[in-house]
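Chemist: Sequence:
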Amino acid sequence: MFPERFSNLPAYAFPRLRSLLDAHDPGGPVTHMSIGEPKHAFPPWITEIIVQSAQDFGRYPTNEGTPELLDAIAAWLHRRYGVTQPAEQIMVLNGTREGLYNAAMALCPETKRGKTPAVLTPNPFYQVYAVAAASVGAEPVFVPATDATGHLPDYTGLPAEVLDRTALAYICSPANPQGAVASRAYWQELIALAEKHDFRILADECYSEIYRDDPPVGALQVARDMGADPERVAIFHSLSKRSNLPGLRSGFVAGGPETIRRIRQLRNYAGAPLPLPLQHVAEKVWADEAHVVENRALYAEKFALADRILGNVPGYRAPQAGFFLWLPVEDGEAAALKLWRETGVRVLPGAYLSRDVGGGNPGAGYIRVAMVAPKDETQRGLETLRDCLYA
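Oh and the sequence shown: position 138 is 138 in the numbering used here, straight run, nothing missing.
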């Protein structure tokens, strides 16, 4: 029987979107702006590496990551954040979704202070956070990330009773869907809160390399600067957005020695390591920054397009990072359906990324628009969207 604790989970966003839209014909050429699947070209030399190492598909892959790949990731962390991270405190992931889910399985206690543990998550949120909390029998605590809070959750405002039984706190920076970036001061305050109430921070930093101005500061970077407990923060990164390789399913988690020991132990029994040829690819991709700079420049052009096309829309907030627009509308579902039926542009209602808490859904008055298509297609989609919804 399906466990009772899963009964209150909402349907995943994209089946809900299909149920909303697919019974209706599109009102024009279909323009996909709902899914955050990068469309920019990945480095052309990747195919050569796979061909050259194809014989390694005949070998069991290294569970935690090859030494060469772990060293490449450690070198990137040092270049990017100035953090010296031993390879033993990194584990390669089969995409960060695996890691974000399994971290709860490996790290969340059955009780904390004799009570059901709490898992904090922003609202809106990446759905795996809530499913991970449900899977370990914890109570997910949905904390609004709205315009009033800078589109990041204010965990410091929670009651002490909740914080004292908090075991894990998920945080996404740059944020999906809003594109907000946690400042150094934000991280310092959150890490200090975690130190005071003894919980771990699971920092989803998948969009860290797509930004407009300054590189976002990292959670592990700030924790080290503060001298925090090494087990206080675990970070999760991916090649999906940074390098336009969502199908490679390659990411990593880095954290304290006990954190990574537990996650590696779980992988030994319940995980699927990345195939060796793909680990060879990831090793080279983490070592190369030129393609990342080119990718970021392409997104910068689309940020500028969005500012020009939508800048006069009331409530428009230019994202600091990531590749989504979080656009205010009266009703997200109604707006997405109108846009589809009248123009063929496909976007995601914000409510599908949020949870109803306290009588309201913080995503209900928004749509999420993915700017992943080539520039010309993105421009047409944004102009069509503007003329349909905001004229």
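Treat each hint with caution, since some may be false.
List time: in silico DSSO-like cross-link candidates among lysine-lysine, alpha-carbon distance up to 27 Å [as the list claims (entries may be wrong)]: (1) 196 with 115; (2) 196 with 39; (3) 112 with 196; (4) 302 with 375; (5) 284 with 338; (6) 338 with 375.
Note that these hints are calculated values from the structure, not bench results.
Since the model is a prediction, treat every value here as computed from it, not as a measurement.
Chemist: Each of the hints needs a verdict: does it hold here or not?
Modeler: We went through each hint and held it up to the structure:
1. 196 with 115: holds (18 Å)
2. 196 with 39: Cα-Cα ~43 Å, so violated.
3. 112 with 196: The hint holds at about 15 Å.
4. 302 with 375: At roughly 6 Å apart (the allowed maximum being 27 Å), residue 375 and residue 302 satisfy the hint.
5. 284 with 338: violated (45 Å)
6. 338 with 375: Since the Cα atoms of residue 338 and residue 375 sit roughly 24 Å apart, the hinted pair holds (cutoff 27 Å).
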